[in-house]
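Participant: Each chain, letter by letter, is given below.
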Amino acid sequence: MNCKDFENTISLYIDDVLDEKEKQSFEEHLHQCEACREEYSNFQILIDTIGEIQEVELPEDFQEQLGQKLRKEKANKSKATSKWKIIGGVAAALFITVVSATMLPNLSSDKSTLESMDFVAMDGEEGPKLQTTSTHDIAYVGDEGHGGARNFENRQLIDESMEEAGTIQLQEESKEVSDVARKIIMRGRVAIEVEDFDNVHRRVIEITEGYNGYIEQSEIYYNFLDQENPNNSLRSANMQLRIPSDDFLDIFHQIKYLGIVVEENTSGDDITRTYMDIENQLENLKIQEERLREILKKAEEVDDLLRIENELNRIRTEINMLTGRLQNFDQLVSMSTIDLRITQVKDKGLHIQSIQEGLWDRAKNNFVVSINNMVRGFEKVFISMFFLLPWLILVTFIGGPIGYYVYKRGWFKR
Amino acid sequence: MDHDEKTLIEKSQKGDVESFEILITSYQKTAFNIAYRMLGNFEDANDITQEAFIKVYKSIDKFKGESSFTTWLYAIVNNICLDFLRKKKKIKIISIDKSQGNENYQREIPDETNTPEVLFEKKEVRRTVQDAINQLKDEHRTIIILRDIQGFSYEEIAEILDISTGTVKSRISRARRSLKVIIGNGLKVTTGEEG
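First to last, the protein sequences are chains A and B. Letter 267 of the first sequence, counting from 1, is numbered 267 in this note's numbering, and no numbers are missing. Letter 130 of the second sequence, counting from 1, is numbered 1130 in this note's numbering, and no numbers are missing.
Looking at chain A on its own, in the form it has when it is part of the complex (with noise of 0.2 Å):
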């Protein structure tokens, strides 16, 4: 063990932390070197002395003071608990405010879930089947060639195993009738009170012809005539309109507020079932026909011949009947149809009232779009968030350490 060595190594001889092995070696050099020896003495001695310092006694009112602090913690931790509940609470509330606005989809679109329950209340039978009812169902019912590709899709699908010689159970339908697109006879009641009649009167057949709907019946009469002042007489007209159904209730609530509603009524004629027991009808009747058509070619007497003939007459009619009807419904489902009655009135004060609810409905269309703003700033951030995940891991596990090593270096420069 040279000087330097055994410099570094005093203090641990000192304290008594050398293995056996370091120890010996540390004592052979302190009998050999004096100025070492000179060293080790120094170093015990500082030690030595500093172990004589003297412990100082906590001040006077140490306790004490400590005490109310301590005292003065729990208070606060306790309300801080208590305020992270409210917090907490407060965040929660708006946290299922926020899911329910999303939840409803037609809370945005007026009174329409009022409508939609409507809808449900009417079509009887079919009751429970809440949720199909709503404006995407309406929406298949517009391209019914489609609808119908897609409900022998669906069909064959669904009974590939049940079908016998393309016979189709009628049991199977009620699982399909959920399934398929729902064929539904549109019709809506409005009755309005307007004071600028021949304005609405021109806006209704603007509404009307611009979604491409036409005007099966208009007529308009005078409730009150004054011949005098003609400007005082008061008209009405009753309107009956056919509009594509994919936009009955987008022309229904804009009819809606071209006056004071005083009335107003939607219903939807589900005739999904019976739509689709004609559909089936007519083709067992189609595969009827083929079969007779068959025995028609094999057929030798002429007896038989026109009997089968007879037959297939029959049938073709029957076919050409359910088409008919089939044909009949699709052209009601795609168009609906809406009464219209409106009525010119002098009355101030329901001027009034109509502000009330256009400045509530509007105050309610911006609550729910600043909702939507926010749900949709939410999920940005959320995805965001994912987004920058990777990135994080990375500057953490890189730059943490190369910056906590900067710091240090920077630390031990100053």
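Simulated from the structure, these hints should not be mistaken for laboratory data. Remember, predicted model here, so these are calculated numbers, not experimental data. All C-beta atoms, glycine included, are put in the ideal place defined by N, C-alpha and C. A few of these clues could be false.
Claimed, not checked - FRET-style restraints, in silico, Cβ to Cβ:
| no. | chain 1 | residue 1 | chain 2 | residue 2 | range |
| --- | --- | --- | --- | --- | --- |
| 1 | B | E1155 | A | N373 | 15 to 25 Å |
| 2 | B | G1040 | A | V395 | 38 to 48 Å |
| 3 | B | D1047 | A | V368 | 50 to 60 Å |
Claimed, not checked - In silico DSS-like cross-links for lysine-lysine, where the CA-CA straight-line distance does not exceed 30 Å:
| no. | chain 1 | residue 1 | chain 2 | residue 2 |
| --- | --- | --- | --- | --- |
| 4 | A | K85 | B | K1064 |
| 5 | B | K1089 | A | K69 |
| 6 | A | K4 | B | K1062 |
| 7 | A | K69 | B | K1014 |
| 8 | B | K1089 | B | K1064 |
| 9 | B | K1089 | B | K1006 |
Stated by the list, open to error - A few chain A residues that don't get close to chain B, going by computed Cβ distances all over 10 Å:
| no. | residue |
| --- | --- |
| 10 | H31 |
| 11 | F43 |
| 12 | E52 |
| 13 | I53 |
| 14 | G88 |
| 15 | A93 |
| 16 | D246 |
| 17 | I371 |
| 18 | F382 |
Since the structure of chain A is provided, determine the placement of chain B on it from the hints.
Facilitator: Just chain B now, kept in the frame of chain A:
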């Protein structure tokens, strides 16, 4: 005793101030002394020790019993002291820097001729030592306080400072040498001796 401490900790974790006070009674003096030696004045030591105990109380939930309560507590005291010194140093960075050019002293260590035994004999020596301790850099002062004033074992120090015992060993050596050099230099200046 250990069992008592355990139940006291559990009660404190539930927020029981009285239990907490009993729990820390035996540690208060040591904690205060560590802070006093670290900070060099009574007022700061008082404030910091109290702050440390408040922090211990607040974060006692996080104490899982992996290390001993004693070392956990002193680690908090030590960290708060270091934080305080760091903030203080930022404010008057120049003056402290001048009085603490430790690196220069360390380079002078091989100077073995500077070893007069007599230097440690006088009464004033103890005060000189204390002054020298105050001149040590924080890292070294901490370890001298823990080892030579408070008499903690190497293992305890390792736990308090959250470093390996190897580091404790080398740091104690360096700190003591640094201390000796400071004392030697101080005396050199006052007595006008040349080494």
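Participant: Are the hints correct? Go through all of them and say.
Facilitator: For each hint, the structure was consulted:
1. B:E1155 to A:N373: 15 to 25 Å: violated (59 Å)
2. B:G1040 to A:V395: 38 to 48 Å: holds (39 Å)
3. B:D1047 to A:V368: 50 to 60 Å: holds (55 Å)
4. A:K85 to B:K1064: holds (25 Å)
5. B:K1089 to A:K69: At roughly 27 Å apart (the allowed maximum being 30 Å), K69 of chain A and K1089 of chain B satisfy the hint.
6. A:K4 to B:K1062: The hint is violated at about 45 Å.
7. A:K69 to B:K1014: Given that 30 Å is the threshold and the Cα spacing comes to 17 Å, the pair holds.
8. B:K1089 to B:K1064: Since the Cα atoms of K1089 of chain B and K1064 of chain B sit roughly 34 Å apart, the hinted pair is violated (cutoff 30 Å).
9. B:K1089 to B:K1006: With a Cα-Cα distance of about 39 Å, the restraint between K1089 of chain B and K1006 of chain B is violated, given a limit of 30 Å.
10. H31: With a cut-off of 10 Å, H31 of chain A remains clear of chain B, as the shortest Cβ separation is near 17 Å.
11. F43: Given a closest Cβ separation of 7 Å, the condition is violated.
12. E52: Since the minimum Cβ distance to chain B is about 6 Å, E52 of chain A lies within 10 Å and the statement is violated.
13. I53: violated (6 Å)
14. G88: holds (18 Å)
15. A93: holds (28 Å)
16. D246: Nearest chain B Cβ is 61 Å from D246 of chain A, so the label holds.
17. I371: Given that every Cβ of chain B is farther than 10 Å from that of I371 of chain A, nearest at about 37 Å, it holds.
18. F382: Given a closest Cβ separation of 29 Å, the condition holds.
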